[in-house]
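Protein chains in written order, with the UniProt record's numbering: chain F, 1 to 453; chain Y, 1 to 189.
Keep in mind the hints are simulated off the structure, nothing from the lab.
You may find that some hints are simply not true.
[To be verified] With the C-beta cut set under 7 Å, the calculated list includes, among others, these residues of chain F facing chain Y: (1) N69; (2) V72; (3) S210; (4) P213; (5) A223.
Each residue gets a CB set at the ideal place from its N, CA and C atoms; glycine is no exception.
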Amino acid sequence: MSWYKSALTATLSALALGVSSLSIAVEPEKEELKFGFIKLTDMAPLAIAYEKQFFEDEGLYVTLEAQANWKVLLDRVITGELDGAHMLAGQPLGATIGFGTQAHIITAFSMDLNGNGITVSNSVWEEMKPHIPKQKDGKPVHPIKADYLKPVVDKYKSEGKPFKMGMVFPVSTHNYELRYWLAAGGIHPGYYAPAKGDISGQINADALLSVTPPPQMPATMEAGTIYGYCVGEPWNQQAVFKGIGVPVITDYEIWKNNPEKVFGVSKAWADKYPQTHIAVVKAMIRAAKWLDDNNNANRPEAVKILSRSNYVGADYDVIANSMTGTFEYEKGDKREVPDFNVFFRYNATFPYYSDAIWYLTQMRRWGQIGEHKPDSWYMDIAKKVYRPDIYAIAAQELIAEGKMKASEFPDFTTETGFKPPQSEFIDGITFDGSKPNEYLNKFKIGLKKGDSL
Amino acid sequence: MKVLLLDIDPKQAEKLDPILSWVGMELIRLEPSDIDLYHSIRELNPEIILVDTNSPRRDTLEHLAQLKPDSPQTVFTLNGDHSEGINRLAAEVGLSLYAINDVRASLLQALIDITISYFHSIDRLRMEVQAMKPAVEQRHFVNKALMYIMDTYDLAEDQAQDLLNKNASRQQRSVTELAQQLLETGSFV
């Protein structure tokens, strides 16, 4: 690749800086990079960094390659076939603690907030609907709690039919969100039992959760194999378009502004190519900002890009339904959800330790982490995997280069990496990232200190 | 020992067939329409699963492995050692391997090695066959043309060959080319 081009970029940015500062971009050690992604709308920061040439601005020549499943995506990051990838937030954490696959993966960039939904089949919706309170105009009051699904689940149970629902991966956000919503409504989603022999797996379950690849969710529900699912877009809106199901709740309503995907790389890669890593994070921060700029003004253009077959490859209208600030629940019941997908505002891209700790608490809550761990363990793992220090260097370079303003970032001199306690969960329980065990004790359903499986 | 082939395209499966039956493994296949993998795997109880590396259903296998520790697990290392064979199996053959914990690592290593070398040798054979094909075809044209000349001009085979060679060299064309033209047009020119 043209070395002179990246040298030129470096020189230009140095000139723009004048005589300043420590934060001059250094040339990346590796220029040609290949990143993996899964065909979901929240891969957008990668597509935009590529299409808007933010990668090239950093002297990087990037190839983006769609991956067929989360497992192969992680394996390829571990073996080095991919330099990095769009990952489920639970993947770097799960891999680092050795749940599923063992490897040290880190993240210095959070890709988005929110963006998922829970959809049920038409027949389940018809059974739920009489229990749901109505607004004056006859439409259901939102958010819809799982309390209204419970009578349906109980009925299925009394008939000896397990209530089956789909999600996308054992350590996926979707698994934890679906479990959170169900449990908040008194529906037990079952525990994992990594240490034990043959127990039918989903111990104590009222609802049986299974993994289905996202694009196959609507068809699997239509076939009657599952009665509902939790998935990212465009697969909830697809159910509305096809008339086969009704999204009942978005994850924004389960936990306001919850962290979603991350950009993961292997620790070994990050150690070998530190400047490259910083350059990648810089490009992606700019892409995220572009996606949220002027109140989502660029979103229609983003949707056009994402609808191409090399990215998400779904119809413009289906993607636009959620990406442009609305969300359609029951057919015709389209409501404003401007924060359905957030890429930059509210410090969406900053990798908070407290985000990591929330995921770890859910892994423990449901038995993926088999035994009690002290609070210090949660801190240690979070610091091993989430790297706000690398993010801060990237952000400061962008500020020094005049591409971004300091006000667009957390104040790095005082930022601890812990969000203040958050209480906007569907069950009203407050999460304080510095007290994971205290948090776990608050749940009616879920493993606690004395419990092991 | 039961081996399940999952989402492997028929051509690949055809190649795997003999290997697995030579070593006495029982082959089970799932139809792509068999949508409930949880049910199928519970019913079939495979000890080894070979799956297309790019199958979206690998994520389901991961979940199954975590729900039930006695179901087939991703083979990531052999006896705790990193195995280059596993990566090669994925990168060169496009297959990923899952096995229950009881299956011995040496057996898995052998299965990986045999599969990789068999796939390579089949591919090499196929290339050699491909390379041979034009020569065989050319010979076929020349033979047919000779028959035609012998019939039309009532000549013996060596005379027919001679006639074809002389015409070809006079026109500065190859014998095969001329033979082909003769068959298509019935004329030497």
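Results for each hint:
1. N69: It holds, given that the least Cβ distance between N69 (chain F) and chain Y is near 5 Å, below 7 Å.
2. V72: Holds, about 6 Å.
3. S210: 6 Å, holds
4. P213: 3 Å, holds
5. A223: Nearest chain Y Cβ about 6 Å off; hint holds.
This entry satisfies every hint, going by the numbered hints stated previously.
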